[in-house]
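So the sequences go chain by chain: H and Y. Counting along the first sequence from 1, when you hit position 28 you're at 61 in my numbering, and nothing is skipped either side. Counting along the second sequence from 1, when you hit position 55 you're at 152 in my numbering, and nothing is skipped either side.
It is possible that some hints are incorrect.
Chain Y side only, calculated, beta carbon under 8 angstroms to chain H, not exhaustive [unchecked claim]:
| # | residue |
| --- | --- |
| 1 | Ala116 |
| 2 | Val146 |
| 3 | Leu147 |
| 4 | Val151 |
| 5 | Leu161 |
| 6 | Asn164 |
| 7 | Val185 |
| 8 | Ile188 |
| 9 | Ile222 |
| 10 | Gly226 |
| 11 | Val247 |
| 12 | Leu249 |
Covered by chain Y, per the in silico footprint, the following chain H stretches (three or more residues, Cβ under 8 angstroms) [unchecked claim]:
| # | region |
| --- | --- |
| 13 | 44 to 52 |
| 14 | 60 to 72 |
| 15 | 88 to 96 |
| 16 | 101 to 114 |
Keep in mind the hints are simulated off the structure, nothing from the lab. Note that the structure is predicted; figures quoted are calculated from it, not measured. The C-beta atom is built at its ideal place from N, Cα and C for all residues, glycine as well.
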Amino acid sequence: MVPLNWYLLLSAVVFTIGILGFLTRRNIIIMFLSMELMLNGVNISLMAFSHYMQDLRGQVLVFFIIAVAAAEAAIGLALIVALFRNKPTVHVDEMNDMKG
Amino acid sequence: MMTRRSSAGADRKRRDRMAINQFFFGYFAFVIILTALLVVTRKNPVHSVLWMLVMFFHVAGLYLFLNAEFMAAVQIIVYAGAILVLYVFLIFLLNLKEEIQGEHYVGEWPMGLTLALSVLVVILIPLAGMKVKPFGKWSIAAISKETHTVALGKVLYTGYLFPFEVASIILLVAIVGAVFLARGKSDSPEDE
């Protein structure tokens, strides 16, 4: 049996890589992908807890996270399309029209 | 004498199985971390999305490892089949030829790196002394007796029926909202 801590370590590393990508990349599409990475990191830890505590509630939570991630991706990508129509760039540091 | 030898053999067999388990977990963990790093460092978004696809398949493999076949299938169908296709369509809708030239990190990237590493440290501190104690009733034997899909369905449709309905409303709102947002100006539809 693989120890639970290994799964949690992997989950923490994937979550950290997601944060890193979200904070450092200029491309808004990659930023959204990093968000999916973070959600996947959380999912890994929830599945591991669910297995090691012999309780299916963690997997139910993962189910809802996947549903919300699908909704978030659809809305977020539609927002990117709307943004790109107003200003043809995907770089977040050039979207500073509201800066005073 | 006989029992001791057979117990020693069983012991070695269990150790071998454990080594195989750890080897496969190491493979999956290595590929997941490597592809996650590739996702956030590639210049071209299409490459990032394709590495993300590899990562989703390996996460699904990890779920199989945790005796959760249904969630592995959902991971592949929803994440790889629906969400990533959405990303690929978006990248093909936008013309990114000039966008992928030049610098692809923000100027403040050392700040982001520091923040991410400090979050990792904060997450790792409580891991050392952690114990999981109150066990539920869904052991591996109980799940495999009912099959995983039936067990998950029993929990989902009895204890979590209301959140399930709320999730369906969220998906409906997402569909309508995505169409509304991506359609363009509402007063002149033939504009675009």
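With 8 angstroms as the cut and Cβ atoms as the points, is Val247 of chain Y at the interface with chain H?
At about 11 angstroms, which exceeds the 8 angstroms cut-off, the nearest Cβ of chain H leaves the hint on Val247 of chain Y violated.
Interface hint compliance - Val146 of chain Y to chain H, C-beta minimum distance less than 8 angstroms
This interface hint holds because 7 angstroms falls under the 8 angstroms limit.
With a Cβ-Cβ cutoff of 8 angstroms, does the region 88 to 96 of chain H contain at least three residues near chain Y?
Since 7 is at least three, the answer is holds.
Please check whether Asn164 of chain Y passes as an interface residue: C-beta within 8 angstroms of a C-beta belonging to chain H.
holds, 6 angstroms
Chain Y over the region 101 to 114 of chain H, status - at least 3 residues with CB closer than 8 angstroms
holds (count 13)
Is the hint on Leu147 of chain Y kept, meaning its closest Cβ partner in chain H is under 8 angstroms away?
Where the cut-off is 8 angstroms and the nearest Cβ of chain H is about 11 angstroms from Leu147 of chain Y, the hint is violated.
Closest C-beta approach of Leu249 of chain Y to chain H relative to 8 angstroms, hint status:
holds, 6 angstroms
Would the hint on Val185 of chain Y be counted as holding, given a Cβ-Cβ threshold of 8 angstroms to chain H?
Cβ of Val185 of chain Y sits 10 angstroms from chain H, so the hint is violated.
Minimum Cβ distance from Leu161 of chain Y to chain H below 8 angstroms?
violated, 11 angstroms
Using a Cβ cutoff of 8 angstroms, are there at least 3 residues of the region 44 to 52 of chain H near chain Y, or does the coverage claim fail?
holds (count 8)
Would the hint on Val151 of chain Y stand, with a C-beta cut-off of 8 angstroms toward chain H?
It is violated, given that the least Cβ distance between Val151 of chain Y and chain H is near 13 angstroms, above 8 angstroms.
Report holds or violated for the interface hint on Ala116 of chain Y, using the least CB-CB distance to chain H and a cut-off of 8 angstroms.
violated, 11 angstroms
The structure fails hints 1, 3, 4, 5, 7, 9, 10 and 11 (numbered hints given earlier, in ascending order).
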